[in-house]
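Engineer: Given chain P, work out where chain L should sit, using these hints.
Here are the chains, one letter per residue:
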Amino acid sequence: MCNAFGVVVFSGNGVHVDGLENYRSIGAFSFLGRYRVIDFPISNLTNSGVDEIQLYVSKRPRSIIDHVGIGRQYNINSKRGKLSILFGNEDNSSNIYKHDIASFKFNRRAIESMTQKYVIVASNYMIYNIDYNQVVEEHIETKADITMVYKSVDTAKEEFINCDTLVLNKQKGVSEISLNRGNYKTRNISLESYVMSKEIFLALIDQAATTSSLYKMRDMLNDACSFLDVRGFQYKGYLTAINSFNNYYKANMDLLDPAERKKLFKKDWPIYTKTSDSAPTHYFEGGTATASLVSNGCKIEGRVENSVIGRGCTIKKGAVIKNSVILPGSIIGEDTYIESSVVDKKVEINKVKEVIGTPEQPAYVKRHDKI
Amino acid sequence: MRQNNMLAMILAGGRGSRLYELTSKVAKPAVYFGGKYRIIDFPLSNCANSGIDVVGVLTQYEPVLLNAYASAGHRWGLDTFDSGVYVLPPSEKEDSDLDVYRGTADAITQNIDFIDQYDPEYVLVLSGDHIYKMDYSKMLACHKEKGADATIAVLPVTMKEASRFGIMNTDEDNKIIEFEEKPEHPKSNLASMGIYIFDWKLLRKKLIEDDKNPESSHDFGKDIIPGLLAEHKRLYAYEFNGYWKDVGTIDSLWEANMDLLDKNEELDLNDPAWKIYTEEGVNLPQYISEEGVVEHSYINQGCSIEGNVKRSVLFHDVEIGKGAQINDAVILPGAEIGEGAIVNRCIIAENVKVDPYTVVGDPSSEEIELVSKRVRGNK
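So the protein lines, in turn, are chains P and L. Each residue of the first sequence is one higher than the one before, starting from 1 at the first, in my numbering. Each residue of the second sequence is one higher than the one before, starting from 1001 at the first, in my numbering.
Hint data in this document are derived by calculation from the structure and do not stem from the laboratory. A hint or two may mislead.
Only some residues are given here: those of chain L computed to face chain P with a beta carbon under 10 Å [what the hints assert, rightly or not]:
1. 1034
2. 1071
3. 1185
4. 1270
5. 1276
6. 1281
7. 1287
8. 1289
9. 1292
10. 1311
Each pair of labels, with its calculated beta carbon distance range [as the list claims (entries may be wrong)]:
11. 59(P) - 1121(L): 49 to 59 Å
12. 72(P) - 1138(L): 29 to 39 Å
13. 69(P) - 1072(L): 10 to 20 Å
14. 223(P) - 1084(L): 53 to 63 Å
15. 1081(L) - 113(P): 36 to 46 Å
16. 353(P) - 1249(L): 42 to 52 Å
17. 1018(L) - 19(P): 50 to 60 Å
18. 1334(L) - 176(P): 42 to 52 Å
19. 182(P) - 1351(L): 41 to 51 Å
20. 1138(L) - 113(P): 49 to 59 Å
On a predicted model such as this, the values are computed, not experimentally measured, just so you know. Where a beta carbon is used, it is the ideal one built from N, C-alpha and C, also for glycine.
Extracted from the complex, chain P is given alone in its bound form (with noise of 0.2 Å):
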């Protein structure tokens, strides 16, 4: 247990996800059948005993307070504990007024009131699993004002792109956040996730906002590299990106593989959701499955190959689904064939006989969409 408060911040302005993220924020975005993008940073925070996590919202709420609730699926206790959800001010002037720093300010009051010496800052579009207690731990040992979780790359060139990268010196010091443009193999991709005191926290709120009204998070944090002691810790393990449509289709298929699935998820490290109390999967006579991830409360009658299936989804007399995400609650009418597809949720293939994209441009059905 470490005496730190979490904050779980909504993706910035420079990370959009085609399609999808029409509907929801990254953070709601159904993920590998039953989970939500969000149930990985607040399951990592729970599970490293933080049980105090403010989790700030922005466009489209709807969808992510829904599944959040008030936080009782995570196992936070509910007597000392609290998941609180946070909205930004209502500047509706112009988008660019809504990130992270202004939602920090409009809500200051509530970051001043924890009693927790530090804050863990973890975003809502990254996906992986971090004990946040070697990181508060390294925090104290090295004396850094601020700690920012890395991991080392040689894949930069094809991923992570767009994605903050730290620059580190000798010491492990950060020199300077950039972006990831793809021009270089190996790069240290930033988690967007930080460990400070609460007052170097709120001291960035207030400095930021007096700097500049369009400065963000990370371009403070950028600032006080050069007038902070700022460190990096390095993280080893699973790391994804939702940050674009293809890392979303990507991100999917890649943890069919039992390996990719291992690295990610732990026996001792328990990645909470929402329960729907759906039945099991029912696979009729003539329904099959293989090499694919299936959700509960699905009816089965067609084929199943390579997929994602999310919960509750009909896959009806005859349908083929191959290499696909299957978002919760579809239905895929009798001899429908899908392949490489991104189907949103709850919608309902009948007409349309095929649906056909290719790994690396994969077709998206639009959300309640009746084709």
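Structural biologist: Same frame as chain P, but now just chain L:
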């Protein structure tokens, strides 16, 4: 209590001795069913869905697991301000040193104080042993409409089966005129389901009388119901038409699980309007590997399947090794079936390991095998 002035008491002391090792450590209501559930989830979910807020669960035989399980009322949504699930094992009282319930009626008698706390108008008495979905509020409406003193839920069975049940003989208005326990020559096919609604004041009085009667076996079917009929009280039958199973044997437990594979889904466990609630684990979705195939089965989350599974029910965290062949099996939570093992027509108990390349069960056998110990290979 606010919702309908009725409190429910679930008799959950059943041993289920014909379930052998499945009930050697737990009472029958705690036995697993349907890939995900325990039997007692059915009456508890029925209560929650029928708007009953206060449920007493009367445990006796091997109560430890069941007590812990049933007391977590939030699983069934029975945890609002004035609702709850209360586990009531037999307890020592000032005026007696009884530490068992002497019969189904005695279980209620010993908890009169508990019921009085809530001052209900009606008390619903249920068994914790049966699998069915039933709206008790409709039964209560019928009880009120008839102005009954007691209402008993009945299930139409075949005349052949009728000799195995307590049979209600009724008039054309469903008023019970006679009750016969396991009659040799049944006059009707309406079998008592062991579900009763009583006016609490009347039942309370009868229970106290029965408690003092040294001849009585303190049983609802044997003593209380015949007693009320003898006094010409207004007893009515409430006919239930739907799926109902008493899974008292290995064969019937297996069969009830297999019923879930049927296309017509008489017992639809996924009806959003009548969900069955249960303990929810932290599991991944079920995984079927490239070599694995699942067909015509009922599979819970958390399973990992690398073999072939056909016409089977798999509970959470079951692992099926590469090339294993599973047919017509019910596999309880956490069981591991090794590579190349062949499993036919059986129930595999919780956490049992079946070693690679072993053979379990017989596809041509009449009876269903219960596998409750590790199955070792030849090495």
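Engineer: Of the hints given before, which are not true for this structure?
Structural biologist: 2, 3 and 15
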